[in-house]
Amino acid sequence: MNRYSRHIQLKGFGREGQDKLLAASVLVVGVGGLGCPALQYLAAAGVGRLGVVDRDVIELNNLQRQVLYATNEVGLPKAEVAARKLCLLNPEIDIRYEVTGVTTENVRALLAPYDIILDCTDNFETRYLLSDATRLLDKPLIFGAIFRYEGQVAVFNVADTEGRKTTYRHLFPLPPDGVDAPDCNETGVLGVLPGYIGIVQATEAIKLITGIGRDLRNRLHTVNLLDHSAFQLEIPAMISQEITWPTTWEELSAFDYAYHCGVAEEVQGVHSDELANCLQTDGLVVVDVRNPDEMPLLPFHHLRIPLPELSGYLDRMPGETVLFICQSGKRSLAAGRLLFEKTGRKHRILHLEGGVNHLEIA
Amino acid sequence: MKVKVLAFGALTEILDREFYAEAEDTATLWAKLRGAYPALTGRKLLVAVNSAVVTENVPLQENDVVALMPPYSGG
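Which chain is which? The protein sequence lines are A and B, in order.
Residue numbers 385 to 746, in the working numbering, belong to the letters of the first sequence in order.
Residue numbers 178 to 252, in the working numbering, belong to the letters of the second sequence in order.
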């Protein structure tokens, strides 16, 4: 136990605290600026089982802040390199990794084996997915996020003394539009900032596991490194607006997070190769916007509303997903845009790229 | 009511980090700011009054501190 002697001799922590760490498991999603320092300290502290998930490879411009990686490792998968380094740091703990993104398909299986999840990701799609999934799993989520010189940390899904729990959606019920919230790739970030915030996330994990101190449950902690100003907000267990969010696993697996987060285009193009698959979509309505005399007829169920008449149907368009088709793909895109202008994100809007001309039936 | 407003994140490209404003309630404050700074329109952010996130329009008292905070996505 010499490795952990400074913990064991620490008043208020001791052998009991260390044993709790060794018996605990933590999954870190994203091994970038936040995930690297968080993992280093969790591994060093002796968290018994660590999971590392990231789909990306190391890039040269990551090294300014992602301190687990070396220059000669550019191009290698982050999760694999991180796991290897962490094993060298502490070979006495169990460290597993997966080179994958977190999706609606794999999220439940990825998160289920762990006690605590750290959100160290860099995009809203995964942040909302993790928030919704940890709520369904009823697991603590330690959220961290950064912007230039400022950081945010909170602990979600942990009940306070009155039994109240909050999620990321209690702070921000819906994601911002893409332009609203640029990421580090676009705005730059002070390299030490994710180090600082990642260590606060690791600190909160250690506090939750060992029960020391007062963690950030139902509170958002923000800091600005330029003047070391810190600001804490109480998060109410109440959501400010009517929103649609997945409240069952069935809903979550069918939820389109890219679309929800405005990452997807307003009108998504469907390639002719993808059409057969696309036609299997639940709640799909296909609309042929060609004129009545244009051939060939589509050999699957569809509505026929010529583009010039479409405006009269926009308000009562059926279908969760609407796929527009025309001869060359031009009018179908125009139709999609018309529907988006009228109804926003009420429907998921698709159009067939290249139109009927690109289909075998032509 | 004269209140202190704190802006965070990318909002500081539009607003000062700290300034004073006159408003009866949070909705009026936001409407006034949006009127003065059209770039704020459509922004998603949380509003907190005296360090508590508010989920509906709340009346403001003299010297209240209102925080306007957008989500950060970086990691």
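The hints are simulated quantities; they were obtained by calculation from the structure and are not laboratory data.
No experiment lies behind these values; they were computed from the predicted model shown.
Treat the hints loosely; a few may be bogus.
Here are some of the chain A residues that sit facing chain B, going by a computed Cβ distance under 7 Å [as the list claims (entries may be wrong)]:
#, residue
1, 407
2, 418
3, 507
4, 530
5, 534
6, 555
7, 573
8, 574
9, 575
10, 579
11, 617
12, 619
13, 620
With a Cα cut of at most 25 Å, we get these calculated PhoX-like pairs of lysine-lysine [to be verified]:
#, chain 1, residue 1, chain 2, residue 2
14, A, 549, B, 221
15, B, 221, B, 181
16, A, 714, A, 726
17, A, 549, A, 469
18, A, 730, B, 221
19, A, 726, B, 181
Which bits of chain B does chain A cover? Going by a derived footprint, with three or more residues having C-beta under 8 Å, they are [what the hints assert, rightly or not]:
#, region
20, 200 to 208
21, 244 to 252
Cβ atoms here follow ideal geometry from the backbone N, Cα and C, with glycine treated the same way.
Do the hints match the structure? See the list:
{"no.": "1", "hint": "407", "verdict": "violated (28 Å)"}
{"no.": "2", "hint": "418", "verdict": "holds (5 Å)"}
{"no.": "3", "hint": "507", "verdict": "holds (6 Å)"}
{"no.": "4", "hint": "530", "verdict": "holds (4 Å)"}
{"no.": "5", "hint": "534", "verdict": "holds (6 Å)"}
{"no.": "6", "hint": "555", "verdict": "holds (6 Å)"}
{"no.": "7", "hint": "573", "verdict": "holds (6 Å)"}
{"no.": "8", "hint": "574", "verdict": "violated (11 Å)"}
{"no.": "9", "hint": "575", "verdict": "violated (12 Å)"}
{"no.": "10", "hint": "579", "verdict": "violated (12 Å)"}
{"no.": "11", "hint": "617", "verdict": "holds (5 Å)"}
{"no.": "12", "hint": "619", "verdict": "holds (5 Å)"}
{"no.": "13", "hint": "620", "verdict": "holds (6 Å)"}
{"no.": "14", "hint": "A:549 to B:221", "verdict": "holds (22 Å)"}
{"no.": "15", "hint": "B:221 to B:181", "verdict": "holds (20 Å)"}
{"no.": "16", "hint": "A:714 to A:726", "verdict": "holds (19 Å)"}
{"no.": "17", "hint": "A:549 to A:469", "verdict": "violated (35 Å)"}
{"no.": "18", "hint": "A:730 to B:221", "verdict": "holds (19 Å)"}
{"no.": "19", "hint": "A:726 to B:181", "verdict": "violated (39 Å)"}
{"no.": "20", "hint": "200 to 208", "verdict": "violated (count 0)"}
{"no.": "21", "hint": "244 to 252", "verdict": "holds (count 8)"}
Against the hints set out earlier in the document, violations occur for numbers 1, 8, 9, 10, 17, 19 and 20.
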